[in-house]
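Peer 1: Please put together the full structure from these sequences, using the hints given.
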Amino acid sequence: MTKGQGRSEVLQGTLDLMVLKTLEVIGPQHGYGIARRIEQISDDVFQLNEGTVYASLLRLRQRRWISSSWGYSENNRKAKFYAITQSGRRQLAKETQDWERIAGVMARLLRLSEG
Amino acid sequence: MWVQVVAFVSRVRDLLTRRKIERDLDSEIETHLDLLTSENIRRGMPPGEARRMARVRFGGATQVQEALREQAGFPWLETAIQDIGGALRYFGRNRGFFAVAIVILALGIGATTAVFSVAETLLFRPLPYPESDRLVTLRSIDTMSDYPSTRVAPGLLADWQIKATSFEAIAGYRWATVDLIDGAQSDRLSGLLATPESFDVFGVPLLGRSFRAEDRGAKRPFESTDTGETLVLGNEVWRRRFDADEALVGGAVDLHILNFSRVGPTRYTVVGVATAPVRFPPLEADFQLGDSNVIDTIDFWMPQFVSATQLGEPRSGDSWFDVVARLRPGVTLAQAQAEMDVIARLEAEQYSETNRGRKIRVVPLREHIPGEARNGLLLLSAGTAMLLLIACSNVATLLLARGLARRREVAIRTALGAPWWRIVRQFLMEALILAACAGLLGVLLAAWAINVTRPWMPQSLPLLQEMGINLTVLVFALTSAVVTACITGLAPAFRSARADGAPLTSLVERGVTLGKSHSRLVGVLVSAEVALTVVLLVGAGLLVRSAFRASQVETGFNPDNLLTMTISLPANKFDWDHNAVFVREAIEAVRSLSSISDAAVVHGVPMVAGDFSVGRGTIEGYVPPNDTEKLTYSVRVVSPGYFATMQIPIVAGRSFEARDEEGQRGAARSILVSESFAKRYWPGRDPLGRYVSFGEAFRDWKMTVVGVAGDVRYSGLEMGPTIDLYLPQALFPQRAITLIARTRGDPLNEAPAVRERIRAVDQHAFLADIRSMDQLIAGSQAERRAGTLLVSAFGPMALVLVVAGVYSVIMQAVVGRRLDLAIRSALGAGPRRVVATAMRTALQPAAVGIALGALAALGVTRVMTSLLFEVSALDIVTWVGGGIVILTACVAASYVPARRAARIDPMAALRAE
Chain A
1102 MTKGQGRSEV
1112 LQGTLDLMVL
1122 KTLEVIGPQH
1132 GYGIARRIEQ
1142 ISDDVFQLNE
1152 GTVYASLLRL
1162 RQRRWISSSW
1172 GYSENNRKAK
1182 FYAITQSGRR
1192 QLAKETQDWE
1202 RIAGVMARLL
1212 RLSEG
Chain B
1083 MWVQVVAFVS
1093 RVRDLLTRRK
1103 IERDLDSEIE
1113 THLDLLTSEN
1123 IRRGMPPGEA
1133 RRMARVRFGG
1143 ATQVQEALRE
1153 QAGFPWLETA
1163 IQDIGGALRY
1173 FGRNRGFFAV
1183 AIVILALGIG
1193 ATTAVFSVAE
1203 TLLFRPLPYP
1213 ESDRLVTLRS
1223 IDTMSDYPST
1233 RVAPGLLADW
1243 QIKATSFEAI
1253 AGYRWATVDL
1263 IDGAQSDRLS
1273 GLLATPESFD
1283 VFGVPLLGRS
1293 FRAEDRGAKR
1303 PFESTDTGET
1313 LVLGNEVWRR
1323 RFDADEALVG
1333 GAVDLHILNF
1343 SRVGPTRYTV
1353 VGVATAPVRF
1363 PPLEADFQLG
1373 DSNVIDTIDF
1383 WMPQFVSATQ
1393 LGEPRSGDSW
1403 FDVVARLRPG
1413 VTLAQAQAEM
1423 DVIARLEAEQ
1433 YSETNRGRKI
1443 RVVPLREHIP
1453 GEARNGLLLL
1463 SAGTAMLLLI
1473 ACSNVATLLL
1483 ARGLARRREV
1493 AIRTALGAPW
1503 WRIVRQFLME
1513 ALILAACAGL
1523 LGVLLAAWAI
1533 NVTRPWMPQS
1543 LPLLQEMGIN
1553 LTVLVFALTS
1563 AVVTACITGL
1573 APAFRSARAD
1583 GAPLTSLVER
1593 GVTLGKSHSR
1603 LVGVLVSAEV
1613 ALTVVLLVGA
1623 GLLVRSAFRA
1633 SQVETGFNPD
1643 NLLTMTISLP
1653 ANKFDWDHNA
1663 VFVREAIEAV
1673 RSLSSISDAA
1683 VVHGVPMVAG
1693 DFSVGRGTIE
1703 GYVPPNDTEK
1713 LTYSVRVVSP
1723 GYFATMQIPI
1733 VAGRSFEARD
1743 EEGQRGAARS
1753 ILVSESFAKR
1763 YWPGRDPLGR
1773 YVSFGEAFRD
1783 WKMTVVGVAG
1793 DVRYSGLEMG
1803 PTIDLYLPQA
1813 LFPQRAITLI
1823 ARTRGDPLNE
1833 APAVRERIRA
1843 VDQHAFLADI
1853 RSMDQLIAGS
1863 QAERRAGTLL
1873 VSAFGPMALV
1883 LVVAGVYSVI
1893 MQAVVGRRLD
1903 LAIRSALGAG
1913 PRRVVATAMR
1923 TALQPAAVGI
1933 ALGALAALGV
1943 TRVMTSLLFE
1953 VSALDIVTWV
1963 GGGIVILTAC
1973 VAASYVPARR
1983 AARIDPMAAL
1993 RAE
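Quick mapping for you: the protein sequence lines, in order, are chains A and B. Quick note, this note's numbering runs 1101 ahead of the 1-based positions in the first sequence. Quick note, this note's numbering runs 1082 ahead of the 1-based positions in the second sequence.
Keep in mind that a hint or two might mislead.
[Stated by the list, open to error] Only pairs whose alpha carbons sit at most 25 Å apart, straight line, appear in this in silico DSS-like list of lysine-lysine: (1) B:Lys1761 / B:Lys1784; (2) B:Lys1441 / B:Lys1245; (3) A:Lys1179 / B:Lys1102; (4) A:Lys1122 / A:Lys1181; (5) B:Lys1102 / A:Lys1181; (6) A:Lys1179 / A:Lys1122.
[As the list claims (entries may be wrong)] Only some residues are given here: those of chain A computed to face chain B with a beta carbon under 10 Å: (7) Gly1134; (8) Arg1137; (9) Gly1152; (10) Tyr1155; (11) Leu1158; (12) Arg1160; (13) Arg1162; (14) Gln1163; (15) Ser1169; (16) Asn1176; (17) Ala1180; (18) Ser1188.
Hints are computed from structural coordinates only; laboratory data are not their basis. Ideal Cβ placement from N, Cα and C applies to all residues, glycine included.
Peer 2: Have a look at this one:
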């Protein structure tokens, strides 16, 4: 697989966080929708191997952070819709906090070395 | 943590519903791709291109599914299940092989488990007292005499209680019985005369109180310790006889106990009651206790007091206390022993007359079991370990042979990309399943063996009646099964895994001859098996010959058709002399039965350890050669008809007659002595007419020898004849005495009639320990017999395994070298030549094994010497016999398959390749 200019590999472990956040923001959504949304938000910076979204969804479902039910997509295709659960929201809040703290530290550190 | 649990549960659920999940996923992916495709079309791509780009965008759908599959469920578990499935299928196809391997391993594991359960009961299971690991027993050992008892005199106990600092408390106790009579019902309670410290040492939970100084009563005649008229009741008797009445504490009970001052029951104040049943601590067997099976709980405690006034009289003749102490926390056994060594030295100086040469031994209570039993157990454990090893190497050989036949399977799997560890794991899984099945069967075998052998277990080790399969034993069996699996599985697994460097070529070159390293490994296994079997065979042979020798020993009397039982009256129901009257009437009553030809009594149970020994008094004309030599002989009180009933020959003078029973109590005019007595004290002189005196306690009455009786081995067949002095029972009435009746038929069948007759003489009379003389003799050898029975069972078992092992090796060699042998036959090698070639593959390592085994057996049998009886460790019959047996077995086991090899039709064999 070739890497496009300006596109990054998705950081290990961050995909789960992105999926959770997406579900929190846009409500119940199917896998395709989630993948589209993530790519849109990232302005196509992320090169998403879309299949991995499903692995992430399975992981999250096993931890009961999301639930799933069958429904129909816009073009009337049978699709599985995922929604964030209560414990999923709690987990999201926690991970967001962690992420911001780390990002903050990283940012300071990088500025420091530049200056 | 919770998240992991939730995830785990989901995983398990996903695993169970995986079909559905996979279907769902497929349809989800399908939807995704469709959506992506239509999106691409909307952007103006041609449909085919749109679909292709959608696939690219999505990534490898198969890989995603694969990844998902690994996430749903447990991949390692699944491959393990695959391995198990593979193993089961494999065993299903090879049922015969599987069954043989399981039986072989089950024998090994079963034997090991059974023996371990014995060890667990005797050595590992904690004693039923709180913090029992701090309990030690203190034994007093007289190095100057061969007097076997290691019990302690009250004076010594008092001395230790004052001097020793290593212990929280030191308790002395002895076994005793009292009788509880209520109308026609009479109960004999058995309990302890114990010093007050006993309750602390053994941690007895009490309602009420234990003994105090004020419980001390008057000194009784013939007793050098003080007892009071208080007691603590045991839990069970309190429930059974007194309905667990708490008001009994502080109340009184009437008990029949020995009391020389008056006749009738004695009133005892119940100061306490045990709130839980308490087991008897170890008791040294003696003439009173006999081999009574004291695994029961204690019915009562009565106080015994030792005091400083007794310090000056630590006489060994009074040594009746078993002593148990509780170590202070942090004090080691070695420290306690060092302190007691010092105390023993001080005592030897202070009371040199009685204590010179006396030592004190501190033994953890847990380890205080008879020494021979310990040795025997070690031997047994070694024996079973060897058996298990033989079984393992045997099955390993079988698996190796199988591995050879499965080279093609392995080669194909390797070629298809199975990593080496996958193949090792497959083989180990097979071994594990084998071992698990064998373990299960082994535990069943062990449970069966334990039940079958329990009645054979020696009475001297009453704990053994409680052996069984418990959790500890199960864990042990499980462990040995896993170890077994590793031992049997590892070698074949690794051999098979790296068997083929060029896997595909071996698909082509079928049926090659055995690899060198392969046959070397098999050879080592065969040598090991044979060596271990030689050790087992020689060991078992020596034990069997010892048992045979021991059973050939002359007892000194005719043991056929003798019924024995202990009879006694409730203590203090009548005055002391009535015991003699009762005994005489009982003998007459029993004699009048038509099924009884003769009856008599003797004090003490024959063939049971423990004697009433005397170490004082004077023997006419006998001067001890030096002052370290002490007088020792056993006193046996008998009725006049005793020698006739037992058929003990009178070698000089006469037997007792009715007139010998007339006179004052304790003042016998006539006695008999045994031949050994006469030889020891009057060598070369005529014993008739000479006198013996017991000393001051018996007013220096002189008792004249009127006859000499033949020697009897009263202490058991393996002991030398005892040195005996016989007294007439009417002049020395005993509280409990052994009735001996010669029956016309099976002795035990007559027991009910005899009991009825004796109860007719006195309705409250107690009858106990009803046995035939044969049982008593067997009992005296029970430890040897139990050990021999088990060990000698291992010899044949090992032999069977070796035969199977050698047979399988030859079979393997024949299969592996079929081509080779066929070519040889085709080139004109005679059948004899072919047979010889095939046999050599097994007989060479077998010969090495025999040589190594003989060397090992030399060492092992040296350790066994203490267990042998009149058989040398180098007994030529055993060694040669064992050698011939193993050699014959190996030759026979290798000849049969080798013959078959010789009959291979060379053309057929060659064509098959």
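Peer 1: Which earlier hints can't be squared with this structure?
Peer 2: Per hint list: zero violations.
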